[in-house]
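First to last, the sequence lines map onto chains A and B. In the numbering used here, each number is its position in the first sequence, counted from 1, plus 362. In the numbering used here, each number is its position in the second sequence, counted from 1, plus 6.
These are calculated hints, taken from the structure and not from any lab test. Computed from a predicted structure; not experimentally measured. Be a bit skeptical, because a hint or two may be false.
[To be verified] To give a feel for the contact side, a few chain A residues facing chain B, derived at Cβ under 8 Å: (1) D703; (2) W716; (3) P732; (4) W738; (5) P742; (6) V743; (7) L745; (8) D746; (9) R752; (10) A782; (11) A930; (12) K958.
[To be verified] Listed below are the simulated DSBU-like cross-link pairs for lysine-lysine, each with C-alpha atoms no more than 30 Å apart in a straight line: (13) B:K14 x A:K780; (14) A:K391 x A:K402; (15) A:K861 x A:K774; (16) B:K14 x A:K774.
For every residue, glycine included, the Cβ atom is placed at its ideal position computed from N, Cα and C.
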Amino acid sequence: MHAISFTALLLSMLAAVGLTATAGMKALKDDFDTVALLEKGQILLTVVVLAVSVVLVQALVVRDYSYVYVRDYTDNFLPMFYAVTAFWAGQNGSFLFWYLCVAVMGCCMIYTPGYSRLDDRTKVYFWIIFFLVEIFFLFALTGPSNPFMRLDPVPADGRGMNPLLQNPGMIFHPPLLFLGYAGYTIPCCLALASRLSGGGREWLDLCRNWNIVAWIFLTSGIILGAWWAYMELGWGGYWAWDPVENASLIPWLVGTAFIHTAIVGRTRGTLLRTNVLLASLTLLLCFFATFVVRSGLIDSVHAFGGSRMGVPLLVFMIAGVAFMLYVCLVQRKDDVTRIDDFTSRPGMLFLASWLFLCLGAIVFLGVLWPVISTLWSANPVGLDAGFYNRVCLPLFAVLALIMAVCPWFSQKSGISDKPAMGLVLGVGVGAAVVIYALGYTQPLALFSSASGFMMVASITLYFVRNKAARAFLPSWGAYGVHMGVALMVLGVAFSGPYKVEGEAVLTPGQTMNVGSYEILFTELTHDHANPAMNSHAALLTVTRDGKAVGNMAPEKRQYRNFEQSTFAEVSVIPSLGEEIYATLLGFDEQGTASLKISVNPLVNWIWIGGTLSCLIAFLCWRKIERR
Amino acid sequence: MSTAKNQKWVYLAAILLVGTGVGYLLISGLSQNSVYFLNVSEALAMPAEKLTQARLFGTVADNGIEHDPSSLGVSFFAQDSDDPNQTIRVHFRGAVPDTFKAGVEVILEGSFTADTRVFEATTMMTKCPSKYEKNDKGQMRPPGSVG
Chain A
363 MHAISFTALL LSMLAAVGLT ATAGMKALKD DFDTVALLEK GQILLTVVVL AVSVVLVQAL
423 VVRDYSYVYV RDYTDNFLPM FYAVTAFWAG QNGSFLFWYL CVAVMGCCMI YTPGYSRLDD
483 RTKVYFWIIF FLVEIFFLFA LTGPSNPFMR LDPVPADGRG MNPLLQNPGM IFHPPLLFLG
543 YAGYTIPCCL ALASRLSGGG REWLDLCRNW NIVAWIFLTS GIILGAWWAY MELGWGGYWA
603 WDPVENASLI PWLVGTAFIH TAIVGRTRGT LLRTNVLLAS LTLLLCFFAT FVVRSGLIDS
663 VHAFGGSRMG VPLLVFMIAG VAFMLYVCLV QRKDDVTRID DFTSRPGMLF LASWLFLCLG
723 AIVFLGVLWP VISTLWSANP VGLDAGFYNR VCLPLFAVLA LIMAVCPWFS QKSGISDKPA
783 MGLVLGVGVG AAVVIYALGY TQPLALFSSA SGFMMVASIT LYFVRNKAAR AFLPSWGAYG
843 VHMGVALMVL GVAFSGPYKV EGEAVLTPGQ TMNVGSYEIL FTELTHDHAN PAMNSHAALL
903 TVTRDGKAVG NMAPEKRQYR NFEQSTFAEV SVIPSLGEEI YATLLGFDEQ GTASLKISVN
963 PLVNWIWIGG TLSCLIAFLC WRKIERR
Chain B
7 MSTAKNQKWV YLAAILLVGT GVGYLLISGL SQNSVYFLNV SEALAMPAEK LTQARLFGTV
67 ADNGIEHDPS SLGVSFFAQD SDDPNQTIRV HFRGAVPDTF KAGVEVILEG SFTADTRVFE
127 ATTMMTKCPS KYEKNDKGQM RPPGSVG
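Just chain B, with the same shape it has in the complex (with noise of 0.2 Å):
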């Protein structure tokens, strides 16, 4: 059995060696692993050089959607939710998602080419527009299902 002084000191070097552990992890991490969550309207009114690394929501446009021959990536318009005026050209490599077509809602992650004006597009979640549960907004999202 240790002593009451003895047993103050391991909890502090128990919780000051799990609080450095765990705040490091933490610092490291939200230094390193945060991205602007922006819709497109957001996104257009932001310097491109600071969208290095950006989670970006909007909707698949009508026009403009041009499929790999591989179908293994597309390009199309992203148009904000809101104002469907306002629209950014995404260039998507990868496997398109079964449910991507005109007018469904996208999550996109990825970064914006200064130059080009391209959102470039590592990974694409899409939300079904008709079959999911409706909100206020007139959103569909699956009932506790993913994206």
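Pulled out of the complex, with its shape left as it was, chain A reads as follows (with noise of 0.2 Å):
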């Protein structure tokens, strides 16, 4: 099966480079009448890469060692679901499972009613470019990252899967990127291919509910991480400002962008090319994520291109890059970037997504700092968590603000509502009055946490106030998005700066005091009735203030086939309020524990909001009509 499966992915390559190349000879003759061609390629493209992913997981599942790939990520212990889910653990199978998406959802928009609204020219031009996306995933998958390499002899067992992902959040976190990623080319390929053909601004519309799909995966996708980071590492952070993170954050960043300068785009008719261009940047970064996490570039700049998919990733993000620039800029140039008035729902939006642009290209920076430093630096120089910090945090204040006050701008000009906008500030106003007085009292922590506050004050209010809101359910959907934001920045604002810590090394019977709470560390035990691993969990009972607050058993585990390494897995009493949070960091024969215990108030929140963000936001879904 390996000989065919790869057969069968270049036989794709070359069909999708021919049907490319007829489509686009005839589109030079003015010549349109390719649609079906195309549609039934993508078709056999589609029914061809899920046979070959079939042969994949059936290889991961009955553990065929003759794989390379399952060699590298499985071994005979490790359990049906991990080994179903090690179709994206390593690259070569991530890339084939991003290529799925794509190749899945370009299906699936032959069928869509947008799809049906659009007309023959723009549907070849959509193809053609959606084709070259898949033409560069096919050549990935038959050269650099190959997945069905034969291993000769075929040994017992596999290598296993590294222990941190083996958990449930990180095993939906990367297809969720990736379902992220993939949604996004639709509207790539859309924005451009309407712009080719001389469309105006219809295909936001069309590729509005497209877009909304690829954020929510991306957001689940991005949120998943960061809670996987604070419950696997057992750092107690969810987010380090990591190159790794960042990477995924950047698209993000600009598609966020994007969503906003769309609504603009829509409803006023101005914004064209902006727009156009911000779909497909967010493609390029979500490529670019990608560059950064295989090129080896993140840890040290001296291992840059150290993978085989770097050199490729960075031809097509270049071409990329240079096609959408002819298309925005040269190739046709009306465009109205007019806004009316600052002080408008517009206006607000308008420069929601500067800043948001502006974090885009600030983390953009900061991930390549060290490469760029070195044209004026004999070392390269990086940049810290400090940095981000320091930079991005205040922008993001800035955005809660906007957030909080936009509801109450009118579409031309000026405040609509102006008894409901005292209302707002004066509710952030008493909000960070209330905090300070509690005694938190971090400048730009207070100001982030009356933002909240204002905002969750407002979207209440516009509901209340507003009965063509309640009558609209996308409406629903945005406002309901932006209550889940409102709550991510209140978990942020308080988990962030009054985090407390307390690391002690414990005999049993022994106390340690983090924050007003008293630990007993009662006794250390061992487990070792699982075959896969080995454990050890030190028991800890929690009170403050003399009464109980609850029990935690951070354990330290050893997985099969990774004897030499212990992994900690931390335990928690999970709270509204004040999360407790416990690892263990070691332990010896006489039953001496080392602990580290942390305190984080409103941490929760964060995926509570988050959480709400995401399944909120299909209510923003809206029908469009076939033609």
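Make the complex out of the two chains shown on their own, each in a separate frame, by following the hints.
The structure is reproduced here in structure tokens:
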């Protein structure tokens, strides 16, 4: 099956190249009757990639170690669930998965009402660009990133999956990101195709639902990644501004800016070029994210281009940027970039988009700084997490304020509902005074949390005072997402600066204090019943002012095949207020345990807000009439 | 509705406001949060007084690993990943990562103490040597994960 799968992908690539060339040649002669052919081609590509994916999953399930990929990411003891998810655990499989998502989404596109409204010219351009993206994937899968490599002789057991990945959060984090990345292919291709074929702003309506779906996937992937970092890595932190985390944040920031400029574009008919540019930039940044993760650029510039995918990705991105700039700047120049007034709703959306783009540019700059700095420094200079906190957090805080006041601006100019705006500002000032009085005095956190409360008040008030909004489902979606964001703002503003931590080495019976909590270490237990791992747990009892709060059992695990390393399994006492979080750092034969305990105020509101945002965003979906 | 002239001013003011704000933040961030990214041999080649804040890339040497009894810290030699003869003594205080052991690649943040020639690390991240994504240089990293 190795050779068959590989050949099928290779033939797919040749077919895609053939179709693109045929359609391109005909398009040059103003002949656009290739639509049906291109659609059939897309269906064929999808069938092939589905079939080879089944082959790979099957091989993972039966642990067919004649595949290098199966040997590298599974072993005989890996639970079935994780064996299936090994599909996207490694580079080669994850490229196949990404391509699978792109192909399936392309196939779905054919049957959407939005697609039926396109003219033949736009359809042909759409498929040409779409096929070019698919050809890149097929090139990767048949060359530098082939998941069907044969291993000979066949080993009896595999190398196993990295224990850090054996966690539900990590299992769904990568596929959600890839679904998001794949989803952005459609708005990008549609934007460029529509621009090339002389269309106006209609494409914004047609790709709206795709844009929302891609955003939901990407957002949920990022939030799940943060949750995984918090729960599995045992650092007690959810965002470390690591280059790998930042890489997926950049397309998210630009994609989010695009959602907002698209609203201005749809309602006011302006920002035409900006929207095409942002739609395509978002997709290119998805590739950039993969480039950062896969090229070796991240942890040391010395490994630049280390992986075999680095150069192909770089070439693809440069070609993509050139094409995008050609379409947006050279090919057609007409545009209206006019905002009537900044003190209007479109003005606020525009300003928010600017801030999102600024944030995207800053994070991009930060990730690439070690490379850029070699222009003037003999040794690369990088930026630590403090840089991002200092530069990005104030901008996020300003965004929160904009979100709080935006609903009260009118479409044209000025404030539409002055009493409501006054009330919201009053809530902000009141919240700030109360929070300050409670002892939370860090200025930026104070500003952000007050803005968070203003957002909650503002959105609630908007629905109370606005009957039209209540009756319109997509506005529940849009404001619901912002409500989720408000909760996340509050979660970050408190859990970031006001987290309390303590580390101690305890013998059974000893206690330590963290914040206002007392933690008693009762005993160290050992569990070796599970054949796949061997774990030690520290049993802890937490009290506050003599009252029981709960028990915790942070573990240290040794997984089969990874005996030389131990992995911490954190334990928490979940709370909507202060969550207590424990990591077992180490232990010895005498039963002494080194522990790290932290108290994280309001941290769970981040996950609640994030979940709300991602789920309720589906309500933004709008029905498009078939033509 | 504002006139075209007015609008230009509003634009300019907005750009200026956002521009100066972002510019100020950027410059203060770049000036205060820049750190050198160095491998061991590069760090050895630099004058110690310039290394007040650095991120060091190296491999944990086989000899000389001393765990603090509390397991809340460790001292070891970091050797250059390409030239094992170049080493720097590292002292790290804090929670030692699960995957720390001889032969793993580590990323350290901290500063050089000029008189003792010891790198005082405040954070340490490790890369697991055998089970991760392989690239051409033989380095390993977890797919899509941190560090």
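Now the hints, each set against the structure:
{"no.": "1", "hint": "D703", "in the structure": "5 Å, holds"}
{"no.": "2", "hint": "W716", "in the structure": "6 Å, holds"}
{"no.": "3", "hint": "P732", "in the structure": "5 Å, holds"}
{"no.": "4", "hint": "W738", "in the structure": "12 Å, violated"}
{"no.": "5", "hint": "P742", "in the structure": "4 Å, holds"}
{"no.": "6", "hint": "V743", "in the structure": "5 Å, holds"}
{"no.": "7", "hint": "L745", "in the structure": "5 Å, holds"}
{"no.": "8", "hint": "D746", "in the structure": "5 Å, holds"}
{"no.": "9", "hint": "R752", "in the structure": "5 Å, holds"}
{"no.": "10", "hint": "A782", "in the structure": "23 Å, violated"}
{"no.": "11", "hint": "A930", "in the structure": "6 Å, holds"}
{"no.": "12", "hint": "K958", "in the structure": "6 Å, holds"}
{"no.": "13", "hint": "B:K14 x A:K780", "in the structure": "26 Å, holds"}
{"no.": "14", "hint": "A:K391 x A:K402", "in the structure": "22 Å, holds"}
{"no.": "15", "hint": "A:K861 x A:K774", "in the structure": "44 Å, violated"}
{"no.": "16", "hint": "B:K14 x A:K774", "in the structure": "17 Å, holds"}
In summary, the structure is inconsistent with hints 4, 10, 15 from the numbered list given earlier, while agreeing with the others.
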